[in-house]
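> The residues making up each chain are set out below.
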Amino acid sequence: MARTAATASSKKSPSKPSAKKPAKAESNGNGRMAVVELMNAEYQKRRKSQIEAIKKTDKKLLREMLYQMVLGRVFEEKAAEVYRMGKIGGFCHLYIGQEAIAIGSMMALNPDDMVITSYRDHVQAMVKGIAPEAVMAELYGKEGGCVKGKGGSMHMFSKEHEFFGGHGIVGGQIGVGTGMAYAAKYKESGQVTLCFFGEAAVNQGIFHESLNMAQLWKLPIIYICENNQYGMGTSQERAMSTRNIAKKAESYEMANEFVDGMDVMAVRDAALRAIKRAREESLPTLLEVRSYRYMGHSMSDPGNYRTREEIAKYQERDPIVLFQDSLKTAKVFTDKDFEAIRQEAIEATKKAIEFAEESPYPSESELLSDVYA
Amino acid sequence: MALLTIRDALNQALREEIIRDENVFIMGEEVAEYDGAYKVTRGLWKEFGDKRVVDTPITELGFAALGVGAAMAGLRPVIEFMTFNFSILASDQIINHAAKMLYMSGGEFKVPIVFRGPNGSAFQVSSQHSQALEAFYANFPGLKVVMPSTAADAKGLLKSAIRDDNPVIFMEQERMYGMKGEVPEDDDFTIPLGVADIKREGKDCTIVARSMTVPMALEAAEKIQQEFDVSVEVIDPRTIKPLDIDTIVSSIKKTNRLVIAEESHSFASVGAEITYQVMDHAFDHLDAPIKRISTVEAPMPYARNLEAAALPSVDKIIAAVKEVCYI
Chain A
1 MARTAATASS KKSPSKPSAK KPAKAESNGN GRMAVVELMN AEYQKRRKSQ IEAIKKTDKK
61 LLREMLYQMV LGRVFEEKAA EVYRMGKIGG FCHLYIGQEA IAIGSMMALN PDDMVITSYR
121 DHVQAMVKGI APEAVMAELY GKEGGCVKGK GGSMHMFSKE HEFFGGHGIV GGQIGVGTGM
181 AYAAKYKESG QVTLCFFGEA AVNQGIFHES LNMAQLWKLP IIYICENNQY GMGTSQERAM
241 STRNIAKKAE SYEMANEFVD GMDVMAVRDA ALRAIKRARE ESLPTLLEVR SYRYMGHSMS
301 DPGNYRTREE IAKYQERDPI VLFQDSLKTA KVFTDKDFEA IRQEAIEATK KAIEFAEESP
361 YPSESELLSD VYA
Chain B
1 MALLTIRDAL NQALREEIIR DENVFIMGEE VAEYDGAYKV TRGLWKEFGD KRVVDTPITE
61 LGFAALGVGA AMAGLRPVIE FMTFNFSILA SDQIINHAAK MLYMSGGEFK VPIVFRGPNG
121 SAFQVSSQHS QALEAFYANF PGLKVVMPST AADAKGLLKS AIRDDNPVIF MEQERMYGMK
181 GEVPEDDDFT IPLGVADIKR EGKDCTIVAR SMTVPMALEA AEKIQQEFDV SVEVIDPRTI
241 KPLDIDTIVS SIKKTNRLVI AEESHSFASV GAEITYQVMD HAFDHLDAPI KRISTVEAPM
301 PYARNLEAAA LPSVDKIIAA VKEVCYI
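Residue numbers (the numbering used here), protein chains in the order written: chain A, 1 to 373; chain B, 1 to 327.
Simulated from the structure, these hints should not be mistaken for laboratory data. Computed from a prediction, not measured in an experiment: that's the story for all the values here. Fair warning: there could be bad hints in the mix.
Stated by the list, open to error - Result set (DSS-like, lysine-lysine): computed pairs, CA atoms no more than 27 Å apart in a straight line: (1) A/Lys187 / B/Lys110; (2) B/Lys316 / B/Lys223; (3) B/Lys46 / A/Lys218; (4) B/Lys46 / A/Lys187; (5) B/Lys110 / A/Lys218; (6) A/Lys59 / A/Lys331; (7) A/Lys142 / B/Lys110; (8) B/Lys51 / A/Lys159; (9) B/Lys199 / B/Lys223; (10) A/Lys218 / B/Lys51; (11) A/Lys159 / A/Lys351; (12) B/Lys51 / A/Lys276; (13) A/Lys45 / A/Lys247; (14) B/Lys316 / B/Lys199; (15) A/Lys328 / A/Lys313.
Claimed, not checked - Estimated spans, in silico, between C-beta atoms of each pair: (16) A/Asn304 / B/Ala308: 50 to 60 Å; (17) A/Lys351 / B/Gly74: 29 to 39 Å; (18) A/Val371 / B/Gly74: 17 to 27 Å.
We put the CB at the ideal spot given by N, CA and C, even for glycine.
Work out the full structure: start from the sequences and follow the hints.
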């Protein structure tokens, strides 16, 4: 069906010069297929050195990274299931396929560093320390939710965990995150800010306004563009005049890096470099982390803008599978360990569901509280 | 008491709050080196430096957003819009972010921020620079909206706005920056938000006015007193949201007549809201239908005569009072 759209758009401009042909090829998915091949080739090249790096990494940390990725996956698969049962209302944007981005970058932070993200926020919320119970109860719109059932899927927050939300307006959090970094610099708190957004947000004015100020005022922030290649149902090449998002930072003379978002260790490496730059030099970085969203934009997405083959191709490079494969090759963990981790995640998700089911709905007195401080 | 212009009263408030709280900083276009487009921040950058008084690029959405994030992370930003017309670019951050943050975070994140600057018309600056936006912002729960009309109110209310834990839209008026008034010299002088002020006592008719229409209403009241021996009470809510409807209703229970004078357009205006609330609380006390003077339903024209015809005026207010008093 994605091909139909491409044919229609090529019909509209029959006189386009032949140099445009690759763009046409990309818009029917061939571009994304080529990208995944290229990313895989690069991955194979660095795999050996990465396995060496894994061997040198703290085993407890590796286990926690894998656990958080698996928990994110299992938790959200369950969320999709209960959404279909009508337990969760409204919008529900899933992160499945993108877990390496949150885990790779956020687990390189100090606990008091700050994080802000878009409406695709369940996994970031949990990695920052909000209990799965509180996230699931929030999805259920229950009193036990991390924001008492007032925010839902898109608006997880926790001051205690320096998690600044969960924001529903595409790109809005890029400016807010810039302000968080501004405050850290102002207070000389030493905190770093991680600010996540999708590639579609890059077309919003706030992205450019924020990057300009961040570089101008040398703010300790890492902008992480989670390039899952689709803004809702519109592919990046149908919405953006250039493919290279990382390079956009150069318009602002900002440090930038392109990262394979299916490779959690690569994300961690890039994040560590950017965090060091922010912490030690008070300088911003833009990371473009190329990933892929397996599920629809939200639960109501029919997915008629891409092919099953394309999804399957990306799933071959599943971030959990790749990470487990490297961990096994490095002889850090065995299949048995992976199974134990998966069971742990299933158990935690089960507990989260039980908690959400049992938690009462918020009392009506909540309706008018928290409007004003 | 010191005789100050509204501009200098605002300047004093900013200065005192910068000294009082290290988390207060002022940010906006031309607020620092240029001393402020309307000189409200005059001298502050020289005195406090780059950290506390910050010039921005012309990037209203960006620096409004930066302010929201900084407020969530513990600072108390005062964001100056050169005029509120430009706040429309930033309205996503004001309405979708600042106003909602406390609620949608279940009370986790406060946004103690002031968005301030001149609102309404200036002197022949035409359509895009002459808008009164209080009804727009007052429509959204989570925001407070403040509109002072005297030097003392400007100072006392701005200090309260900066100390308030909520996002506050603080609307000044360019035509009024040079108006003088007595201001208490106490550097801890504040006026609570949400309390109306009776600017002139009277018994025959109430005028509710705000910002630029307050001096107009006072002049109209004097003329009516002299010409028709009708005693007019002038009430300035000072804070549009929360609105002190009790003071307005008490006045109407005494005068039984109401005229509302406002600079915004009439459709869905704050005056329309006051009209509804008065009907709700004091319908049986009204001896005449409520009259409202607003800016005409057209974008602001440039030509001097057309601009004057578009705006509220002393004469228009007098005519409205005569109508509700059946004179």
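> Hints first: check each against the structure and report whether it holds.
Verification of the supplied hints:
This hinted pair checks out: A/Lys187 and B/Lys110 have alpha carbons roughly 18 Å apart, not beyond 27 Å. Among the hinted pairs, B/Lys316 with B/Lys223 is consistent with the structure: their alpha-carbon atoms are about 12 Å apart, no more than 27 Å. Distance restraint check for B/Lys46 and A/Lys218: the Cα-Cα separation of roughly 22 Å lies within the 27 Å cut-off, and the hinted pair is therefore satisfied. Distance hint between B/Lys46 and A/Lys187 is fulfilled; the C-alpha atoms sit about 21 Å from each other, no more than 27 Å.
At roughly 26 Å between alpha-carbon atoms, B/Lys110 and A/Lys218 fall within 27 Å of each other, so this suggested pair holds. This hinted pair checks out: A/Lys59 and A/Lys331 have alpha carbons roughly 11 Å apart, not beyond 27 Å. At most 27 Å may separate the alpha-carbon atoms for a hinted pair to count; A/Lys142 and B/Lys110 meet this at roughly 22 Å. A hinted pair counts as satisfied when its Cα atoms are at most 27 Å apart, and B/Lys51 with A/Lys159 qualifies at roughly 26 Å.
Between B/Lys199 and B/Lys223, the direct Cα distance comes to roughly 16 Å. Compliance with the 27 Å bound is thereby established for this hinted pair. Under the criterion of a C-alpha separation no larger than 27 Å, the hint pairing A/Lys218 with B/Lys51 is consistent with the structure, at around 13 Å. Only pairs whose Cα atoms come within 27 Å are accepted, and A/Lys159 paired with A/Lys351 is accepted, the gap being roughly 23 Å. At roughly 24 Å between alpha-carbon atoms, B/Lys51 and A/Lys276 fall within 27 Å of each other, so this suggested pair holds.
A threshold of 27 Å between alpha carbons decides the hint, and for A/Lys45 with A/Lys247 the separation of about 23 Å falls inside it, so the pair holds. Of the pairs offered as hints, the one joining B/Lys316 and B/Lys199 holds, with about 19 Å between alpha carbons and a cut-off of 27 Å not exceeded. For a cut-off of 27 Å, the pair hint linking A/Lys328 to A/Lys313 stands: about 23 Å separates their Cα positions. The hinted range of 50 to 60 Å is satisfied by A/Asn304 and B/Ala308, whose Cβ atoms lie roughly 59 Å apart.
Taking 29 to 39 Å as the suggested C-beta distance range, the pair A/Lys351 and B/Gly74 conforms, at roughly 34 Å. Our hint of 17 to 27 Å for A/Val371 and B/Gly74 holds, since their Cβ atoms are close to 21 Å apart.
In terms of the numbered hints stated before, the structure departs from none.
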